[in-house]
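Asks: Given next are the chains, with one letter for each unit.
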Amino acid sequence: MISGIPIQPSDDRFERMLAERAGFDTSGDMVGTIVAMASRTPQRRRGWLWPLDAPQGRALPLGLAAALLALAILVTALALVGSDPFHRRSDLTVVPPPSPTSGLVAMPSGPANEPASVCGSTPPTDAPRVTTIDLPANAYAGMTFAACSVWILNNENGIGIHRVDVASNKVTDTVLNGPIDRPVGAIASNGDEVWAIQFDQAAQRQSMIHLDAVTGAPSTTFGIPRASLGSGFWIVGQAAWVGPDHRLAAPRDLDVIDLATGRVVTTLKDLAPSALWKDADAVWAIAPGATPEASQELVRIDPATFEVTRLPIPWQAADVTAATTVDDRGLFVAGSREIVQVSPEQPAVVRRIPLEEATAGALLASTGSELWAIPIRPVASPAQFETASRGLVQIDSVTGSVLQRIPYPAIGLASFGNAFRYAYGSLWFLAPDNDYGRTFGMHLVRVELPAAP
Amino acid sequence: MAHLTSAVSSSIVSERVDLVDRAAHGEIDAFEHLVISGNDGILRIARAILGNDADARDAVQDAYVSAWRELPRLRDHGSFDAWLRRIIVNACRARLRDRRRIHEISLDASPIERADSGPSTSESVGDTDLLARAFDRLDAGKRAILVLHYLEHEPIASIAVAMGIAPGTVKWRMSEARAALARALVAEGEARR
Chain A
1 MISGIPIQPS
11 DDRFERMLAE
21 RAGFDTSGDM
31 VGTIVAMASR
41 TPQRRRGWLW
51 PLDAPQGRAL
61 PLGLAAALLA
71 LAILVTALAL
81 VGSDPFHRRS
91 DLTVVPPPSP
101 TSGLVAMPSG
111 PANEPASVCG
121 STPPTDAPRV
131 TTIDLPANAY
141 AGMTFAACSV
151 WILNNENGIG
161 IHRVDVASNK
171 VTDTVLNGPI
181 DRPVGAIASN
191 GDEVWAIQFD
201 QAAQRQSMIH
211 LDAVTGAPST
221 TFGIPRASLG
231 SGFWIVGQAA
241 WVGPDHRLAA
251 PRDLDVIDLA
261 TGRVVTTLKD
271 LAPSALWKDA
281 DAVWAIAPGA
291 TPEASQELVR
301 IDPATFEVTR
311 LPIPWQAADV
321 TAATTVDDRG
331 LFVAGSREIV
341 QVSPEQPAVV
351 RRIPLEEATA
361 GALLASTGSE
371 LWAIPIRPVA
381 SPAQFETASR
391 GLVQIDSVTG
401 SVLQRIPYPA
411 IGLASFGNAF
421 RYAYGSLWFL
431 APDNDYGRTF
441 GMHLVRVELP
451 AAP
Chain B
1 MAHLTSAVSS
11 SIVSERVDLV
21 DRAAHGEIDA
31 FEHLVISGND
41 GILRIARAIL
51 GNDADARDAV
61 QDAYVSAWRE
71 LPRLRDHGSF
81 DAWLRRIIVN
91 ACRARLRDRR
101 RIHEISLDAS
111 PIERADSGPS
121 TSESVGDTDL
131 LARAFDRLDA
141 GKRAILVLHY
151 LEHEPIASIA
161 VAMGIAPGTV
171 KWRMSEARAA
181 LARALVAEGE
191 ARR
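As they're listed, the protein sequences go chains A and B. This note's numbering applies: residue 1 is where the first sequence begins, and numbers increase by one. This note's numbering applies: residue 1 is where the second sequence begins, and numbers increase by one.
Where hints are given, some of them may not hold.
As the list claims (entries may be wrong) - Pairwise CB distance ranges (calculated):
id	chain 1	residue 1	chain 2	residue 2	range
1	A	280	B	126	53 to 61 Å
2	B	28	A	118	33 to 41 Å
3	A	404	B	28	54 to 62 Å
4	A	124	B	157	43 to 51 Å
5	A	10	B	36	31 to 39 Å
6	B	155	A	212	19 to 27 Å
Don't read these hints as lab results, they were simulated from the structure. Virtual Cβ for every residue (Gly too), placed ideally from N, Cα, C.
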């Protein structure tokens, strides 16, 4: 029983409330309106770039078929050079951005600093090379990097972490696979070690499990006081920082756990970061702010004393929020239609970089010296996906200008924490099959960047 | 008798799949039959999530228009009902976002309202009303998962499809939603003192 609760929400009482709320009026009067609206709405045929409907029930004359094929090729070519099929398709309606979906851990370390050649990877390239890698399942909730592998948390059945070998671009293994009532909620790595949080639904307890980075075999297991689902789990040095998913309401406590002993070193109250990282002097986080003017705040945590200093910074987080750092230029944070450059030391916003296409925010990644963004735009869709983008954009971290674009139009990119990262000489993100016909269908997308001269 | 029931069920299912198939090929009459047969249930879900008949009807209309538009891309026509439930959940999410945005823009009248309505004790507010107000504090995702479970009695697998999450995650999310409802009840109780 929860203290202070005025009535106990028994199942019976709750069902009655919902039934009363749902009502009993029939909806017959709506049918005519719905059908009239539908009959004025063109159906979207399969294939993004086939704009014309073939006449139903009749074979196309050969000449007309050839003309239609030529038109399709032309439209495909236009799409590949960056023109935007979304804007030209008037049946796509822009809706208000989805509810907050993402946090991104900053700080390149470990694999981000290792070139692809360390892993015996694919041949070097003079231009960005895009590879899509098939994955066994269709929904993912986490991604991290260690031991020349990309570790991807399978969320389709709540279990399993897939390893993708960087050298071959293939899934080589699946670990922590089952049972279904013990889902893996989050994964994280410091580049050398991989840890996962698993929730035992029957026993209502959660564990933090160390995975051997080479074999994937689970070894050390610690019970922990609270679990994390998707976001809210970071390995920083020799400590795990475990907090609630920042999208959940409460409780918002962040545990710092010693990886050697599993002991909770400290619990930081009322702190649910969407991003967390460490520099030479401190641990930094981005967390929900307390005022409408500053919906996000920068948090500095002293690694020795765990003293928390909250620094309201005047920027508005977008629904897809991300942060990364570039060299010594400070922190770059995605907002709505902009990327905000923040100096943590001052602390202050030093520059706002307009990014008009990022109406719902952006995913950000850094190679250390290069800043990359995937601007996110919301679109109406009957599928669960609502995040759409035209592709990747490299932004000059000094001038704010766009340096290059890599087209990859997609609807439904993964936008959980760490959904866009740089490691082993490549940018990585998860995007769905562009065919709406499949309810699911995610690929791991790898964009290999040319080595710096 | 069991064979007959099974045969009838199979026949109903295949008729429905046939309707979906025809609607996916542009037959508006077939789509109308799908709307007639499914709309009551969809409207119930929307009303339960949104708590407002006008918003629910708008959400249902939006959902069906989306379904009509995207239907040719649905490969598994047998999953139409689950797919439609996902659409209505998303349409309700969008409605709640709109409602929240409008509330943020307009003047916050709630302090004035509280002053005008006078003291309100838990004894003067029906339990059902209190529960409904607490439910209104939840976000769309939590409302949807509770509605699908408690009102529609959907199995876990079906809820997973409607929410676009893994079956293993459904139980977790449901327990989060129940905990959030309990906290909301506490908050509602305190708001009335």
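Asks: Hint by hint, say whether it matches the structure.
Replies: Comparing the hints with the structure gives:
{"no.": "1", "hint": "280/A / 126/B: 53 to 61 Å", "verdict": "holds (59 Å)"}
{"no.": "2", "hint": "28/B / 118/A: 33 to 41 Å", "verdict": "violated (59 Å)"}
{"no.": "3", "hint": "404/A / 28/B: 54 to 62 Å", "verdict": "violated (46 Å)"}
{"no.": "4", "hint": "124/A / 157/B: 43 to 51 Å", "verdict": "holds (46 Å)"}
{"no.": "5", "hint": "10/A / 36/B: 31 to 39 Å", "verdict": "holds (36 Å)"}
{"no.": "6", "hint": "155/B / 212/A: 19 to 27 Å", "verdict": "violated (37 Å)"}
Hint check: violations occur at hints 2, 3 and 6; the rest are consistent with the structure.
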